[in-house]
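Using the sequences plus the hints, can you model the full thing?
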Amino acid sequence: MLPERIDVDRTLPDEGAIRHALEEFAVREVGPNAAVTRLHRVFYPVFRVTITYEDQRRLPWGASSERVPILLDGLWANNHGSLQQYRDGVTELEPVSTVGYDFGRGREGLGRTVLLDFQVTNDRAASLVPDRLADVRESDRFDESDSTTESFRNRLFETLDLPTDLDPAAVESVADVTRCYLPFWVAEVERPDERDLIGVVREQAEARDGSASHGWLASFVREDTSRLATYAHASIQQWVNVSESAVRADGTDRTTAGGSARPESATTESRSADSSSSPPSTAASSSGPIQPEGVDLEAGTLVDPSPDRSFADVGGMADLESRFRRSVIGPVERPAEYEAYGLDPVSGVLLYGPPGCGKTYIAGAVAGELEYAFLEASPADLASKYMGKPAENVQELFEIARANRPCVLFLDEIDALAGARENDSSTSERQMVNQLLTELENVGDELLVLAATNLIDDVDDAILRTGRFDERIEVPPPDAAARREILDIHLEGRPLATDLDLESLVDASAGYASSDLEYVAAEAARRALRAGDRISTSHLSDALADTDSSVPDWGGAAIGGGKTITQPDGVDLNARSLVTADVNRSFDDVGGMDGLKSRLRETVIEPLEHADRYAEYGLSTTNGVVLHGPPGCGKTYVAGALAGELEYAFLDVSPADLTSKWMGKPAQNVADLFEIARANAPIVCFLDEIDAIAAGRSGSGSGSGGTQNQSQRQMVNQLLAELESLPADVVVLAATNLLTDVDDAVVRSGRFDERLEVGPPDAAARREILAVHLADRPVADGIEWTTVVEHTAGYAASDLALLADNAARRAMSAGDRVRERHLLEAIAETASSIDGWGRGVDQVREESGRTRGRGRRQQSRAAWYD
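Residue numbers for the sequence shown follow the numbering used here, so the first one is 10 and each next one is one higher.
To be clear, the hints were calculated from the coordinates, so they are not data collected in a lab. Hints may contain errors.
[What the hints assert, rightly or not] Simulated restraints, written as ranges between beta carbons of each label pair:
1) 512 x 790: 46 to 54 Å
2) 404 x 335: 30 to 38 Å
3) 128 x 736: 46 to 54 Å
4) 455 x 394: 53 to 61 Å
5) 228 x 787: 45 to 53 Å
6) 786 x 497: 41 to 49 Å
On a predicted model such as this, the values are computed, not experimentally measured, just so you know. Ideal Cβ positions, reconstructed from N, Cα and C, are used throughout, including at glycine.
As structure tokens, then:
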């Protein structure tokens with residue numbers, strides 16, 4: 010909400026006088042065709058931070074306490090050093106009313122006055138100087154003569170203009186943090202051969218003779234001309250109309266030197282007679298965020314009492330809007346209808362998805378639809394270096410939300426606020442999570458909590474359980490309709506070519522975030538401006554080609570062939586991090602292994618591709634295959650290649666994805682895993698290291714480790730149940746180094762019908778693997794590959810990749826192409842990672858008395874090395 014008054018260090022001359030002086034200077038210095046095309050009064054936000062320190066100079070009466078005011082950039086844009094020149098002027102501040110200023114109306118453009126918003130809290134501003142001085146003290150403690158430390162100290166003192174004799178250890182406290190504004194006139198001068206020539210002045214004399222010393226602000230605006238709009242106050246719908254006599258003939262405000270409106274005929278009587286043009290009443294003007302007593306967090310900086318936003322402003326995303334209306338907005342708007350069915354309003358919604366796709370904007374739109382206040386908090390608003398303060402801040406945040414009900418409380422980046430409470434988290438972090446859990450249990454009426462995260466797996470499990478966040482809604486990259494609307498929005502008001510074709514851009518931008526599309530529109534505008542043309546399809550296409558998606562690996566984006574990844578409702582495992590829609594490889598990319606590939610074609614691919622013919626002969630498809638053999642021999646790669654051959658999605662999971670310290674959670678994760686597989690079928694589900702997931706279920710489960718054994722047995726039982734009920738289009742591959750370590754019930758026929766050995770590559774395969782890893786490198790002609798291949802007998806595929814790297818390094822050091830001698834020298838230094846692997850395993854088995862299948866294993870492993 011727009012503040013009624015702001016504190017400034019000075020008032021500015023009238024706009025008319027400044028414009029006249031600037032135009033005279035522009036014509037005189039730039040040329041007769043120069044003109045001031047835009048002129049804004051800009052209020053730049055600064056923190057006046059006063060620190061106290063003990064003056065260590067030896068005076069007759071001893072040390073004294075001194076105070077130093079420092080100006081910090083309210084935009085947190087690293088303009089701290091440039092702001093110190095205004096320090097003397099902020100010792101005495103002047104309150105100025107915002108009534109009568111033209112702050113503009115949203116998309117219609119900036120007004121003649123621009124109020125830039127503070128971007129950080131007072132607490133963060135107060136901590137900056139003490140934290141930097143603490144860094145200096147910490148560096149001094151290790152090495153007082155360190156030149157790096159001295160350089161850091163000098164830069165800090167120079168930037169903040171600190172007294173040279175100030176001892177960092179003598180700083181006592183931060184006595185005061187005050188928000189204020191520095192007003193400037195920011196002008197844009199147009200001349201025939203150049204635009205965006207920015208000038209900044211504060212006085213008429215500066216405008217007349219060009220003596221201004223505010224180049225830092227001119228550069229700041231010139232670097233990105235959208236910065237004023239980016240940081241401008243969002244709540245510009247509150248503006249006070251004045252009578253026509255308060256407006257000049259040229260459309261500019263008639264203001265006093267201080268910038269306040271001077272409506273000569275806007276008397277109390279005239280306002281009363283015409284309510285349509287009168288300013289709000291005192292009550293309405295003073296209505297704003299409620300600040301609870303005893304709360305340090307500032308409601309005024311966190312709460313927007315009336316967010317001017319709705320789903321009409323959200324491009325596309327019809328399914329997302331429908332779900333919100335059904336699950337969140339409906340129970341609030343029609344409580345009786347939902348109560349009749351025993352349905353309570355949702356009190357918590359977790360939004361998840363890649364960054365830049367509109368989670369924050371959608372949260373504000375929900376508040377606007379409900380006509381609720383909107384309270385937005387980020388980790389920076391709640392964090393503190395003091396023990397217990399973050400938990401206290403969480404408590405105060407909910408007090409502010411309750412005081413401003415009805416309210417939507419939006420917790421951005423909740424994974425940073427409520428990460429998993431592991432053993433390595435600090436006491437203060439655990440306290441904060443515990444406090445958040447407590448608050449979520451007691452949300453109360455007319456308070457809706459929305460949270461956002463990019464990584465749902467990083468959020469503490471207790472936060473995610475039902476009763477706290479009952480709804481989990483994905484906000485994926487925009488679909489085609491949404492991308493079309495987003496491009497329309499960001500191209501609105503810009504000069505467009507008459508034959509502009511956006512449909513090709515919509516198709517080519519699949520998988521791009523909303524923020525990416527905004528950047529593409531701006532970049533296309535810059536290209537057109539440089540060329541002196543209207544924005545054309547080619548400008549947009551070139552800008553898109555030079556802009557990478559900020560979420561390239563997010564599975565929710567449309568991928569080649571229109572494939573998408575589905576996150577089933579109620580599933581905690583993140584499908585986006587586990588499933589690849591298109592692995593982009595096939596058996597042609599697998600060097601050697603002809604026997605293995607042939608067997609997979611016969612038992613898996615052909616029955617799926619010719620299901621009717623196989624059914625005619627009473628043969629069913631093979632849903633389960635176990636690949637076993639030494640590590641590094643390509644089991645995972647072959648599994649992915651099988652998915653590519655079938656043109657199936659690929660789900661790759663390891664024990665780390667399924668295990669948990671919580672009782673029963675591993676079994677639930679297995680159930681979730683197969684729920685994801687079914688939702689994204691057809692799919693190849695690859696269970697790596699299945700011996701760790703489904704080890705033999707021996708032991709009584711009592712005594713030490715009994716709970717862990719019980720949880721392990723539950724996981725194996727759940728896996729058995731899932732394998733019994735697989736649909737035909739879900740193929741499960743598992744990998745293990747030692748087949749004998751896997752539970753017997755898992756590897757029996759009917760679950761894993763095929764058990765295929767993946768041994769070290771044979772000679773032909775080794776040659777192919779080396780060719781793959783040397784394909785893009787400079788390789789000399791005439792290499793005797795037979796010799797090289799013979800010397801790599803017993804190497805795993807991963808060993809051959811390392812061998813190729815080592816040979817390439819040797820060739821690069823010699824400034825030569827990769828030659829046979831480089832390969833042989835690399836072989837001499839590269840041992841097989843599986844040399845003796847079989848013998849070592851057999852020794853362990855013999856010592857433990859487990860000799861099942863020993864003779865067969867010895868025979869098969871001997872064959873690997875033949």
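Here is what the structure says about each hint:
A hinted range of 46 to 54 Å for the beta carbons of residue 512 and residue 790 is consistent with their spacing of about 50 Å. The hint said 30 to 38 Å for the Cβ distance between residue 404 and residue 335, and at roughly 32 Å that hint holds. Separated by about 52 Å at the C-beta atoms, residue 128 and residue 736 satisfy the suggested range of 46 to 54 Å. In this structure, residue 455 and residue 394 break the distance hint of 53 to 61 Å, their C-beta atoms being roughly 34 Å apart.
Checked against the given bound of 45 to 53 Å, the beta carbons of residue 228 and residue 787, roughly 46 Å apart, stay inside it. Here the CB-CB span from residue 786 to residue 497 is close to 47 Å, well matched to the stated 41 to 49 Å.
In the structure shown, a violation is registered for the earlier hint numbered 4 alone.
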